[in-house]
Amino acid sequence: METLIGKREKRIDAYDKVTGKGLFASDYGNQFPNLAYMKACRSPYAHAKIKNLDISEANELDGVICILTGDIPGIDWDQFPKTAIIAKDETLWAGQIVALVSAETLEIAEKAVELIKCDYEKLPAVLDYYAAIEAKPVTVVDPDYETRPLGFTDRPGDRASNRISPNIVGSFKMHAGDVDAAMEMAEVVVEGEFWTGKKTANPLECANAICRYDSDGGITMWSNGAGVHGVIKQGICRVLDMQESKVRIIQPYMGGSFGSRLNPYIEMLTALMCLKTKRTVSFQYTREEIFIGAPSNWPCITKVKLGALKDGTIIANDYYLAEEIGACVNNTFFSGRLSSSGAVPVYRFPNLRMDACAIATNTVPAAEYRGLGCPEAEFGIECLVNQLADKLGISPVEVRMKNIIDKGERNAHGELITSIGLKKCLQSVTDIIKVEEEPNQDMGIWKKGRGCAVGGKQNTPLGRSEAEVWYNSDGSIQLFISCDENGMGATTAMAQIAAHEFQVPITDVRVTKGDTAITPYDNYSASSRTTYNTGNAVKFACEDAISKLKEEVARIYGLHPSKVEIKGHKALLAGSYIQEVDIPSLFQPTSMFSQGNWGLQKGSPVKGKGIFCPAPIHQWNDKGLSDRVWNWFQYSAAAVEVAVNEETGQVKVLNIASSADTGNPINPKLVESQIEGGIHMAIGFSINEEHLFDNNGKISNANFSDYRLPTILDMPTNKNVHSCINPDPLPDGPYGAKGMAESITIPVGPAIAEGIYKAVGVRVTGYPMTAERILALIKEKKAKEVTK
Amino acid sequence: MDIEKIKINITVNGRRHTLCVSPDRTLLEILREELNLIGTKKGCDDSNCGVCTVLMDGMAVKSCTILIPQANEHVITTIEGLEREKSLHPLQQSFIDHFAVQCGFCTPAMILTAKAILDENPNATEDDIREGLHGNVCRCTGYKKIVEAIEAVRDGEYKEICGEV
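Heads up: the sequence lines are chains A and B, in that order. Per the numbering used here, the very first residue in the first sequence carries number 1; after that it's consecutive. Per the numbering used here, the very first residue in the second sequence carries number 1; after that it's consecutive.
Quick caveat, the hints were computed from the structure, so don't treat them as lab data. Glycine residues also receive a C-beta, built at the ideal position from the N, C-alpha and C atoms. Be a bit skeptical, because a hint or two may be false.
Label-pair restraints from in silico Cβ distances [claimed, not checked]:
| no. | chain 1 | residue 1 | chain 2 | residue 2 | range |
| --- | --- | --- | --- | --- | --- |
| 1 | B | Asp127 | A | Asp216 | 56 to 66 Å |
| 2 | B | Asp128 | A | Asp216 | 40 to 50 Å |
| 3 | A | Asp216 | B | Arg16 | 18 to 28 Å |
| 4 | B | Glu34 | A | Asp76 | 56 to 66 Å |
DSS-like cross-link-like pairs, simulated, lysine-lysine; straight-line CA separation at most 25 Å [claimed, not checked]:
| no. | chain 1 | residue 1 | chain 2 | residue 2 |
| --- | --- | --- | --- | --- |
| 5 | A | Lys21 | B | Lys86 |
| 6 | A | Lys10 | B | Lys159 |
| 7 | B | Lys5 | A | Lys111 |
| 8 | B | Lys159 | A | Lys21 |
| 9 | B | Lys5 | A | Lys669 |
| 10 | A | Lys111 | A | Lys276 |
| 11 | B | Lys5 | A | Lys10 |
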């Protein structure tokens with residue numbers, strides 16, 4: 001049988017999903033009689049003092065079971081995920097929970113929320129980066145009512161002094177080479193300040209959890225949260241002080257995540273209510289709550305200055321970045337380091353100074369969103385590289401080819417790059433959309449322009465993945481894993497790896513996934529790591545089972561195990577009087593009377609286990625340098641042709657080519673699916689998606705009427721969406737594979753920005769590039785032309 | 001807060017149901033909560049995501065904004081009603097074959113909308129398909145493979161009976 005790696009195997013979950021038979025967490029409500037329902041009462045103000053909270057009337061409503069508030073004893077809210085902290089004295093963003101109700105029906109819970117009387121005193125609020133770093137800024141946590149300081153980390157390499165604002169809550173600095181000296185030598189300099197909008201990932205299934213109270217005091221939870229072991233179970237055991245044996249987390253099909261479900265906010269609150277009331281409870285967020293009560297992404301402000309020689313060689317990058325992280329109290333997670341990592345993997349930058357920080361605001365606490373801040377961090381760099389090309393009169397492709405890191409070189413941190421296919425990616429997309437040629441202007445007031453960009457994203461060497469595999473006595477394979485299936489097809493890829501190892505068709509592999517009582521440990525699917533981490537663990541588990549099976553077969557035939565080869569149902573024996581045996585026939589039947597049941601027995605599988613952890617980082621020095629800050633890097637390039645309406649400022653993507661360096665793809669169709677999905681997600685947030693605020697600092701477009709997700713009409717027609725795969729094998733990935741889903745979104749925004757410039761001559765400095773913004777820039781340009 | 005219940009007759013996937021329900025409930029709630037047809041999903045409350053799409057008298061409608069009295073005496077098809085005896089609907093098989101499925105949360109609604117598009121116009125062009133699908137949001141796929149799956153059915157690449165159930 002030939003290899004299954006690189007084959008377009010159909011998704012193993014597709015049948016369940018096209019028939020509607022596959023259960024999502026939000027489909028479990030019907031299965032529980034006597035289910036209780038939760039509903040949250042949320043602050044309407046971005047920043048307010050709670051003067052009085054009266055729940056008495058709500059408590060008296062018939063059918064109300066329990067109302068939790070921020071002052072219930074015995075709860076250390078600081079241990080909760082940020083969006084799950086119930087406010088006590090002060091609300092820090094519009095949407096923070098002030099009381100949490102459970103009731104016999106959803107209607108009663110909703111009525112109870114209406115009956116809760118909360119008396120607020122509005123406080124000044126900080127809604128964006130610029131307000132947060134004003135000379136005399138309002139503080140995100142009012143000093144008079146400060147109960148939970150925002151915290152400041154002092155990790156090595158952090159900038160622990162020079163805090164210009166109380167709202168700067170973490171920082172990271174690195175300096176490779178000598179940027180000042182290099183800037184002196186530079187023959188051309190481009191610089192600018194860039195911004196990005198605040199957005200919500202909005203997987204279509206809203207966050208939800210059902211927590212069953214079990215008769216032994218334990219809990220069983222079904223939720224669409226990510227990381228059954230590493231995120232949800234560990235979180236619940238630690239924060240709610242539960243025995244590990246008494247917490248079981250099950251992840252049915254997930255209706256998307258894009259990073260946003262890596263934060264167990266709803267799970268914590270549902271488990272807490274379940275334990276307080278000893279009832280099986282259901283908490284289903286509405287779409288509005290996904291905007292105001294679930295984590296957003298973190299926007300970034302960057303100030304970038306590139307110094308280059310006349311031939312286009314970039315010799316210095318002076319780089320400032322601020323992550324705007326919302327109301328993340330007691331921040332220990334953000335320092336600017338995650339986002340600014342995007343400045344490292346792509347270009348050589350022999351001299352790179354990074355000064356990054358995290359800024360708190362009175363907006364919904366931020367958390368992971370596809371790309372971990374890299375699309376935001378690299379936007380400015382890519383825009384400036386395009387400007388540099390324009391300024392020098394050389395092609396944007398050529399200037400990139402000159403500066404992109406080659407395999408075997410070290411990046412600015414000092415890390416060895418072992419896999420980079422980015423030049424091939426860039427070549428392939430610009431072969432399809434020729435950015436060096438002018439498009440025909442044949443659309444009237446719609447002006448066309450082309451642009452390209454590239455992007456790279458680190459993989460964080462965190463986590464531990466385990467896998468268990470059974471070779472059943474009939475030769476069928478069972479695989480047990482706990483990686484998340486957000487929709488990307490990870491389970492299919494894992495089944496493909498197992499099928500490949502055992503040399504069976506993929507239909508002979510059954511995957512059991514995401515149940516902490518059954519499937520082995522995995523942290524979570526984040527940082528595009530599943531193919532690499534879980535993939536390696538599955539490969540190890542298969543090798544372990546195969547090695548045990550070889551031993552068993554070898555014993556029967558008096559051979560050394562090395563003389564046995566397993567090919568699906570067959571064992572090939574070297575040097576024996578028998579050349580080939582049918583493995584299932586070696587499993588002895590057992591009956592209730594049989595004795596001495598050693599060896600291969602019917603019904604008792606041969607089991608293998610695999611564990612994979614990437615090598616840890618080497619702590620960076622006082623300059624932020626180390627030969628291992630991250631793990632490997634994924635890359636993508638994009639080229640676009642856009643049309644801009646000169647009269648309205650509206651931007652349309654007419655044609656797009658995107659390429660991914662995936663390492664060797666396990667399943668090219670799944671990779672293609674990720675490319676197309678990434679394109680579409682990036683078109684959405686580059687052109688349209690962002691939070692808008694009302695006078696109270698509340699998100700005013702917290703619904704799909706006013707926050708428009710990209711529809712099919714925002715995508716180019718099918719013949720104008722091009723996906724290319726340009727693998728550079730990752731030496732330590734399974735079969736040379738690596739992850740890829742995050743990098744796709746990075747180059748799309750800056751490529752569109754360049755297309756807009758070529759079309760109408762205006763340089764955008766941030767996204768979303770809405771019609772209003774583009775029109776304002778066009779008007780500004782025309783006004784300047786008139787003055788001249 | 002209690003509203004007087006009313007009698008509703010609806011035919012869902014070929015079966016006639018008589019229900020006594022509160023008239024302020026939506027078709028989506030009745031399908032999911034009373035009839036256990038959970039293939040119809042909920043993603044928002046204002047008919048902008050489309051994952052709740054079902055067919056009402058053959059037309060694609062968003063069941064989250066149909067109050068149950070509006071569905072009285074109407075014929076509803078949900079994803080559960082699409083399979084033929086021992087066979088997938090051609091659109092279902094084509095969605096599998098063309099990788100038009102990722103997380104799967106929008107998939108039942110996409111397939112039903114696709115059916116309505118092709119039932120109305122068996123020769124629907126790509127533009128017609130795009131126009132018909134623009135009320136159905138998918139966050140994962142970028143839509144390309146969904147259009148490919150629908151076009152394959154339009155082009156007769158699938159027989160009426162396809163794929164074992």
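Taking the hints in turn, this is what the structure says about them:
For Asp127 of chain B and Asp216 of chain A, the hinted distance range of 56 to 66 Å is satisfied, since their beta carbons lie about 60 Å from each other. One distance hint, 40 to 50 Å for the beta-carbon pair Asp128 of chain B and Asp216 of chain A, is violated here, with the actual separation near 58 Å. Taking the beta carbon of each, Asp216 of chain A and Arg16 of chain B are about 45 Å apart, not inside 18 to 28 Å as hinted. The hinted range of 56 to 66 Å is not satisfied by Glu34 of chain B and Asp76 of chain A, whose Cβ atoms lie roughly 42 Å apart.
This hinted pair checks out: Lys21 of chain A and Lys86 of chain B have alpha carbons roughly 15 Å apart, not beyond 25 Å. Restraint check: the Cα-Cα separation between Lys10 of chain A and Lys159 of chain B comes to about 19 Å, which is no more than 25 Å; the hinted pair holds. Pair hint Lys5 of chain B plus Lys111 of chain A holds up; C-alpha atoms about 20 Å apart against a cutoff of 25 Å. Our distance criterion of 25 Å between C-alpha atoms is met by Lys159 of chain B and Lys21 of chain A, whose separation comes to about 23 Å.
This hinted pair does not check out: Lys5 of chain B and Lys669 of chain A have alpha carbons roughly 50 Å apart, beyond 25 Å. Distance hint between Lys111 of chain A and Lys276 of chain A is fulfilled; the C-alpha atoms sit about 21 Å from each other, no more than 25 Å. The suggested pairing of Lys5 of chain B with Lys10 of chain A is violated, with an alpha-carbon distance near 47 Å, which exceeds 25 Å.
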